[in-house]
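Kindly produce the complete structure, drawing on both the sequences and the hints.
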Amino acid sequence: MDVLVALGTSAAYFYSIAAFFGLFGLHSEVFFETSAMLIAFIRLGKYLEARARGKASEALKKLLHLQADKARLVTEDGDTLVPASVIRVGDVVLVRAGDIIPVDGEVLEGGGAVNESMVTGESLPVLKKPGDLVSGATVSTNGVMRIRATRIGEATLLAQIIKMVRDAQGDKAPIQRFADAVSSWFVPVVILLSVATFIVWHSAFSSDFITAFRYAIAVMVIACPCAMGLATPTAIMVGSGIALGRGILVKKGSALETISRLNVLLLDKTGTLTKGVPEMTDLIPVSRSVDPAKLLECLATAEAYSTHPLAQAAITAAREAGIEPGQADGFEERGGFGITCRYGGLQLAVGNERLMAELGLTLAPLAKKCAGLTEAGKSLVYVAAGNALVGVAAFADTLRSNSVKAVAELRRMGITTCMITGDHADVAAIVAKQAGVDTFEAEVMPDRKLELVKEYQKRGLIVGMAGDGINDAPALAQAQIGIAIGGGTDVAKETGDIVLMRSDLMDAVRAIAIGRATLRKIKQNLFWALFYNILGIPVAAGMLSAYGIYLKPEYAGLAMAFSSVSVVLNSLLLRRIGSKV
Numbered sequence: 018m019d020v021l022v023a024l025g026t027s028a029a030y031f032y033s034i035a036a037f038f039g040l041f042g043l044h045s046e047v048f049f050e051t052s053a054m055l056i057a058f059i060r061l062g063k064y065l066e067a068r069a070r071g072k073a074s075e076a077l078k079k080l081l082h083l084q085a086d087k088a089r090l091v092t093e094d095g096d097t098l099v100p101a102s103v104i105r106v107g108d109v110v111l112v113r114a115g116d117i118i119p120v121d122g123e124v125l126e127g128g129g130a131v132n133e134s135m136v137t138g139e140s141l142p143v144l145k146k147p148g149d150l151v152s153g154a155t156v157s158t159n160g161v162m163r164i165r166a167t168r169i170g171e172a173t174l175l176a177q178i179i180k181m182v183r184d185a186q187g188d189k190a191p192i193q194r195f196a197d198a199v200s201s202w203f204v205p206v207v208i209l210l211s212v213a214t215f216i217v218w219h220s221a222f223s224s225d226f227i228t229a230f231r232y233a234i235a236v237m238v239i240a241c242p243c244a245m246g247l248a249t250p251t252a253i254m255v256g257s258g259i260a261l262g263r264g265i266l267v268k269k270g271s272a273l274e275t276i277s278r279l280n281v282l283l284l285d286k287t288g289t290l291t292k293g294v295p296e297m298t299d300l301i302p303v304s305r306s307v308d309p310a311k312l313l314e315c316l317a318t319a320e321a322y323s324t325h326p327l328a329q330a331a332i333t334a335a336r337e338a339g340i341e342p343g344q345a346d347g348f349e350e351r352g353g354f355g356i357t358c359r360y361g362g363l364q365l366a367v368g369n370e371r372l373m374a375e376l377g378l379t380l381a382p383l384a385k386k387c388a389g390l391t392e393a394g395k396s397l398v399y400v401a402a403g404n405a406l407v408g409v410a411a412f413a414d415t416l417r418s419n420s421v422k423a424v425a426e427l428r429r430m431g432i433t434t435c436m437i438t439g440d441h442a443d444v445a446a447i448v449a450k451q452a453g454v455d456t457f458e459a460e461v462m463p464d465r466k467l468e469l470v471k472e473y474q475k476r477g478l479i480v481g482m483a484g485d486g487i488n489d490a491p492a493l494a495q496a497q498i499g500i501a502i503g504g505g506t507d508v509a510k511e512t513g514d515i516v517l518m519r520s521d522l523m524d525a526v527r528a529i530a531i532g533r534a535t536l537r538k539i540k541q542n543l544f545w546a547l548f549y550n551i552l553g554i555p556v557a558a559g560m561l562s563a564y565g566i567y568l569k570p571e572y573a574g575l576a577m578a579f580s581s582v583s584v585v586l587n588s589l590l591l592r593r594i595g596s597k598v
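Going by our numbering, the residue at position 411 of the sequence shown is 428; the numbering climbs one at a time, nothing skipped.
Be a bit skeptical, because a hint or two may be false.
[To be verified] Pairs of lysine to aspartate or glutamate, EDC-like flavour, derived with a Cα cap of 20 Å: (1) Lys-292 x Glu-337; (2) Lys-146 x Glu-123; (3) Lys-385 x Asp-299; (4) Lys-475 x Asp-443; (5) Lys-450 x Glu-460; (6) Lys-292 x Asp-149; (7) Lys-146 x Glu-341; (8) Lys-471 x Glu-460; (9) Lys-386 x Asp-299; (10) Lys-146 x Asp-116; (11) Lys-311 x Glu-337; (12) Lys-146 x Asp-299; (13) Lys-87 x Glu-171; (14) Lys-311 x Asp-299; (15) Lys-87 x Glu-123.
In short, the hints are calculated from the structure, not lab data.
Shown next as structure tokens:
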């Protein structure tokens, strides 16, 4: 575009200089105002375009303004307010209510609620306690915490997000290749058309030099390859910003186009469809004479020193019910069986059916109820006290709250869902039925996940993979679009093209909706850019002059400037979908 504008304004200016000094006769017309108005209109267009593009990058600007400038550094003499840039890994900072947390770190003392909306898009504050991790640029809404810095500067989560967003907004989508191909031959073709216009008007139509010259300059300055150049990046900039506001981190701009064409989405079960940690779903006393609260207390007490996931789930359930584990002694943890200990003068035994059989206890009183729990794919932990069976607890890795809704939405969008898991087939079948996925594969190793992606791709399908673990990384990398769950491993997040910071599968649905809206907007922009040039160049060349329709060079320049602005403004209309996804 700059080449065409420079040629047009220079031609008008230097011709005017020559005419002013009488090289074309004493009364030759000059075009000084044409050059001046052309440059003025082009600069006006550039200014408006810059303003509009500034609005398109608002999401990134908001991130940049989130960083804390100051930090309260804890020393032997107390806490001192210092620039956040002087904090080093291992330093301890004090954070009070209302403070922006200056570093990524671990809570050492205290606690409180933290607004993590900049990371997850979730508006509700998250409670933090000693041992919990916090991210820099999140805001403490209440409480006082001492935090040890674990990551600073460019290593913080915020810095990584900013880098990823910048990379995504500078990334070229596949559809951009079309615009690049057109732009590569656009300028020389327009120059040839401008010369041809002059020759045709001056020679074939026997028009005077001034008329032919005006039309030639108008053709040169009305053509606008930049509108095509802006069509894709501005839409991607806005689309990735909308996604970021929803807690969806788009690492590559091309991912927005790819996800819009998705045919199949492979879903890892554990941590993606399910919460990834077991929960106690049922607590059944052997008879009415057994107090459920006392049963839960015995279970939690026996599990108090175990690191097994089911033990942690039992303790969590007890504390949620307001019951703290008691003080027991004589703990013995037996791998593959369970735990025994003494509590309240009674011998407690908590474990599987093998432990109960070894103790000579029959499970018959609970057999009917346990059969239903087993069929539902739940893990059972029996509780015995004083050499008598007193109850059973059932545990399961339950579905995330939005998994069923997300799978239904994916089906409505025409996307096939396939759950893949390393779990046994019976457990997988139950979860697949609960989630409503189209198909599933069980007892799958990481290499089989990779093979499954390739099999779908060989059928000509666009394949997405959603997962959260190291074992998902090969499949995430192979799929055309990898969706990493934010609560998963760093390896998964590094491999994925899109990261769901809230670990909510509905955000995958939102990402697809944003991708489809972005692709529609790109196509609209490209259509407008082509339509403008196809319509504008003939008008500028004077093909409608017989009907009194023609463009002066300065107005042709104005039209060119506003064609670029219109593309950017059309991309900004994407923001209207923000409230709908």
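Now for the hints, and whether the structure bears them out:
1. Lys-292 x Glu-337: holds (18 Å)
2. Lys-146 x Glu-123: holds (9 Å)
3. Lys-385 x Asp-299: holds (14 Å)
4. Lys-475 x Asp-443: violated (29 Å)
5. Lys-450 x Glu-460: holds (17 Å)
6. Lys-292 x Asp-149: holds (18 Å)
7. Lys-146 x Glu-341: holds (18 Å)
8. Lys-471 x Glu-460: Roughly 18 Å between the alpha carbons, so the hint for Lys-471 and Glu-460 holds.
9. Lys-386 x Asp-299: It holds: about 11 Å lies between the C-alpha atoms, which stays within 20 Å.
10. Lys-146 x Asp-116: holds (17 Å)
11. Lys-311 x Glu-337: holds (15 Å)
12. Lys-146 x Asp-299: Violated - the C-alpha atoms of Asp-299 and Lys-146 are around 28 Å apart, more than 20 Å.
13. Lys-87 x Glu-171: holds (17 Å)
14. Lys-311 x Asp-299: holds (15 Å)
15. Lys-87 x Glu-123: OK: Lys-87 and Glu-123 at ~18 Å, within 20 Å.
Hints 4 and 12, counting from the list given before, are not met by this structure.
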